[in-house]
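K.L.:
Those sequence lines, one after another, are chains W and A.
Using the numbering used here, the letters of the first sequence map in sequence onto residues 1 to 112.
Using the numbering used here, the letters of the second sequence map in sequence onto residues 1001 to 1175.
Fair warning: there could be bad hints in the mix.
[Unchecked claim] Pairwise CB distance ranges (calculated):
| no. | chain 1 | residue 1 | chain 2 | residue 2 | range |
| --- | --- | --- | --- | --- | --- |
| 1 | A | 1017 | W | 2 | 16 to 24 Å |
| 2 | A | 1116 | W | 59 | 41 to 49 Å |
| 3 | A | 1041 | W | 105 | 34 to 42 Å |
| 4 | A | 1170 | W | 107 | 15 to 23 Å |
| 5 | W | 107 | A | 1100 | 48 to 56 Å |
| 6 | A | 1085 | W | 100 | 18 to 26 Å |
| 7 | A | 1112 | W | 97 | 46 to 54 Å |
| 8 | W | 84 | A | 1116 | 53 to 61 Å |
| 9 | W | 62 | A | 1096 | 39 to 47 Å |
| 10 | A | 1166 | W | 100 | 47 to 55 Å |
| 11 | W | 49 | A | 1023 | 42 to 50 Å |
| 12 | W | 59 | A | 1112 | 28 to 36 Å |
| 13 | W | 59 | A | 1124 | 52 to 60 Å |
[Said to hold, decoys possible] List of simulated lysine to aspartate or glutamate pairs, EDC-like, C-alpha gap at most 16 Å:
| no. | chain 1 | residue 1 | chain 2 | residue 2 |
| --- | --- | --- | --- | --- |
| 14 | A | 1081 | W | 106 |
| 15 | W | 63 | A | 1127 |
| 16 | A | 1081 | W | 49 |
| 17 | A | 1078 | A | 1024 |
| 18 | A | 1118 | W | 106 |
| 19 | W | 63 | W | 49 |
| 20 | A | 1078 | W | 106 |
I should point out that these hints are in silico values taken from the structure, not numbers from a laboratory.
Ideal Cβ positions, reconstructed from N, Cα and C, are used throughout, including at glycine.
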Amino acid sequence: MIVYWLCFILFLVGLYGVITRRNLIKIAISLSIMEFSTFLFFALVGYFEGGVAPIVDPADPVKLYVDPLPQALVLTAIVIGLATTALLMAVIIRIYRKYGSLDIREIKNLRG
Amino acid sequence: MEIAISVITGFMIIGALYAIHARDLLSAVIACGIVGYSLVICFLLLKAPDLAIVQIVIETITLIIMVAVVLDSTREEKYQKFDRQGYFTAILSILIIVVLFYFMMNSVSSLDPFGEGKLRMAQSYVEGATEKTGSANLVTGVVFDFRGYDTLGEATVLVTAVLGVLTIMRIKGKK
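Full structure from sequences and hints, please.
P.N.:
What follows is the structure, given as structure tokens:
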């Protein structure tokens, strides 16, 4: 049970970073840390003690496989995480070229 | 098994804390890499080789992109003065963390203990999957056959993100 709590604490660390940091790259890093904790949680839920990796060997059929469904979902999410991170980084580099700073308080033109 | 994964998750938490508090942005990015590569080891221990392969490739590409952005902009993070807005965000984050902790306390009791769950809806995916999909790898069978529309949506998201990156990097900003 303690693994779930550690995984949750990792998520909270990412959330803390997103809320309190002011540097855009730090915020992007915190977002990807939150992503990682979610992936870990899905993999933890799908794990069974004594299960084997979900690859069928016809010569040697096994009774218990690890749950393949969370793994398939995480596989999709990892690739989408890369795409969103790349998009975020493109926006960050544009912002730096325009304002010359990565600090979100110095980007004055965004104020309403 | 639970102890090994707990230790690695502890390392991930330490790496994440360092990544958030490092003054040098390049070392923050590398510390983010600690978290990602520890996740690869966790996946291997949790019997998910497909995820480990994908994660190690994706983490490398992400690190390369982040390092390129840091080298192209600035390495130094501005010193954060702890003013009124800083106090406000700190209090806000503690408040949100307390609320989420309360919900986690409630929901963790409904989870199965670690390693003792059972197959729920994946039962029909596992039974006779090799005959149904023709793939020896069950994860591949789920991704490309049982949940093929999900994968189609994922491809759409990928194309949209790539188009977004191309558009953002090409336009000239207004002076």
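K.L.:
For every hint, state whether the structure bears it out.
P.N.:
Hint-by-hint comparison with the structure:
no.	hint	verdict
1	A:1017 x W:2: 16 to 24 Å	holds, 18 Å
2	A:1116 x W:59: 41 to 49 Å	violated, 29 Å
3	A:1041 x W:105: 34 to 42 Å	holds, 38 Å
4	A:1170 x W:107: 15 to 23 Å	holds, 21 Å
5	W:107 x A:1100: 48 to 56 Å	violated, 29 Å
6	A:1085 x W:100: 18 to 26 Å	holds, 21 Å
7	A:1112 x W:97: 46 to 54 Å	holds, 50 Å
8	W:84 x A:1116: 53 to 61 Å	violated, 34 Å
9	W:62 x A:1096: 39 to 47 Å	holds, 44 Å
10	A:1166 x W:100: 47 to 55 Å	violated, 24 Å
11	W:49 x A:1023: 42 to 50 Å	holds, 43 Å
12	W:59 x A:1112: 28 to 36 Å	holds, 32 Å
13	W:59 x A:1124: 52 to 60 Å	violated, 24 Å
14	A:1081 x W:106	holds, 13 Å
15	W:63 x A:1127	holds, 10 Å
16	A:1081 x W:49	violated, 49 Å
17	A:1078 x A:1024	holds, 10 Å
18	A:1118 x W:106	violated, 52 Å
19	W:63 x W:49	holds, 13 Å
20	A:1078 x W:106	holds, 11 Å
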